[in-house]
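Asker: My request is simple: use the sequences and hints to build the entire structure.
Throughout the sequence shown, residue numbering follows this note's numbering, covering 1 to 227 in sequence.
Note that these hints are calculated values from the structure, not bench results. Careful: at least some of the hints might be erroneous.
To be verified - Here are the computed distance ranges between Cβ atoms for each label pair:
| id | residue 1 | residue 2 | range |
| --- | --- | --- | --- |
| 1 | Ala21 | Val151 | 51 to 61 angstroms |
| 2 | Asp201 | Met85 | 21 to 31 angstroms |
| 3 | Glu114 | Ala43 | 15 to 25 angstroms |
| 4 | Gln182 | Val209 | 13 to 23 angstroms |
| 5 | Leu145 | Arg197 | 27 to 37 angstroms |
| 6 | Asp111 | Gly170 | 37 to 47 angstroms |
| 7 | Thr194 | Gly170 | 48 to 58 angstroms |
| 8 | Asp7 | Ala122 | 17 to 27 angstroms |
| 9 | Val209 | Ala21 | 44 to 54 angstroms |
| 10 | Ala21 | Arg197 | 53 to 63 angstroms |
| 11 | Arg11 | Arg163 | 30 to 40 angstroms |
| 12 | Gly68 | Thr147 | 34 to 44 angstroms |
| 13 | Glu143 | Glu118 | 30 to 40 angstroms |
| 14 | Asp111 | Met142 | 30 to 40 angstroms |
Virtual Cβ for every residue (Gly too), placed ideally from N, Cα, C.
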Amino acid sequence: MCAALTDLLGRVSLFAELEPAELEMLSRAAERREFVRDEVIFAANEPADGLYVLASGRVKVCVSSSGGKELILATLGPEQFFGEMALLDNEPRSASVIAQLPTVAYRIRRDEFERLIEQHPAIARKLMRELSLRLRRSNAQMESLATLDVVGRLARYFIDLARQHGQILGNGWVAVRRPTHQDIANTIGTSRETVTRLINDLEQRGLVVNEGKMSYLRESVLSGEEG
1 MCAALTDLLG
11 RVSLFAELEP
21 AELEMLSRAA
31 ERREFVRDEV
41 IFAANEPADG
51 LYVLASGRVK
61 VCVSSSGGKE
71 LILATLGPEQ
81 FFGEMALLDN
91 EPRSASVIAQ
101 LPTVAYRIRR
111 DEFERLIEQH
121 PAIARKLMRE
131 LSLRLRRSNA
141 QMESLATLDV
151 VGRLARYFID
161 LARQHGQILG
171 NGWVAVRRPT
181 HQDIANTIGT
191 SRETVTRLIN
201 DLEQRGLVVN
211 EGKMSYLRES
221 VLSGEEG
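Answerer: Take a look at the structure:
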């Protein structure tokens, strides 16, 4: 297990410059955590206990409005990490993270992570780049909510989902593990009923095929070649 975890950590962009011996030491300090679908990994306003690296599954990063409505800020998959922000500013968690699928993650505790940053300043620089990238994605999401109609927001959602979590099949289609219609609605700011209606329309047009837990999306649609 240690060798497999060392290999996983070496593929995470944040730790790519660490030496094999350092990755092995980090893997020994990482704690394996398993989560069932819809389980809360941590909640907003909780104290920060560490950074998490995803080995398998998928999670959503979300916040709730004063009225209890959920807004999904991001979805993350294998070899991505989360929970770093509260470690940098020593504040409580700014958002909740919930498993969308059965998920395995490894937690690197705060003291170990702080030691890494002290010994390897390059990790801090990579972390800042990742935070900048996520901020840009959040800005793009807010722009989408403000400027696109619901059809445009759904199209943007599928494009982002395919780019970040899709598997190119080589036959003109991209496969993705399908989120629930409610999760899609909570990401693009509409109702579950509207998402269901729009996806049914895409299926009738042959642009999306749903089979079991998977969705298959036409590459030509994702690249903007079809409307």
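Asker: Confirm or reject each hint.
Answerer: Results of checking the hints against the structure:
no.	hint	in the structure
1	Ala21 to Val151: 51 to 61 angstroms	holds, 52 angstroms
2	Asp201 to Met85: 21 to 31 angstroms	violated, 38 angstroms
3	Glu114 to Ala43: 15 to 25 angstroms	holds, 23 angstroms
4	Gln182 to Val209: 13 to 23 angstroms	holds, 21 angstroms
5	Leu145 to Arg197: 27 to 37 angstroms	violated, 19 angstroms
6	Asp111 to Gly170: 37 to 47 angstroms	holds, 45 angstroms
7	Thr194 to Gly170: 48 to 58 angstroms	violated, 33 angstroms
8	Asp7 to Ala122: 17 to 27 angstroms	holds, 20 angstroms
9	Val209 to Ala21: 44 to 54 angstroms	holds, 47 angstroms
10	Ala21 to Arg197: 53 to 63 angstroms	holds, 55 angstroms
11	Arg11 to Arg163: 30 to 40 angstroms	violated, 18 angstroms
12	Gly68 to Thr147: 34 to 44 angstroms	violated, 26 angstroms
13	Glu143 to Glu118: 30 to 40 angstroms	holds, 37 angstroms
14	Asp111 to Met142: 30 to 40 angstroms	holds, 35 angstroms
Hint compliance for this structure: hints 2, 5, 7, 11 and 12 are not met, and every other hint is.
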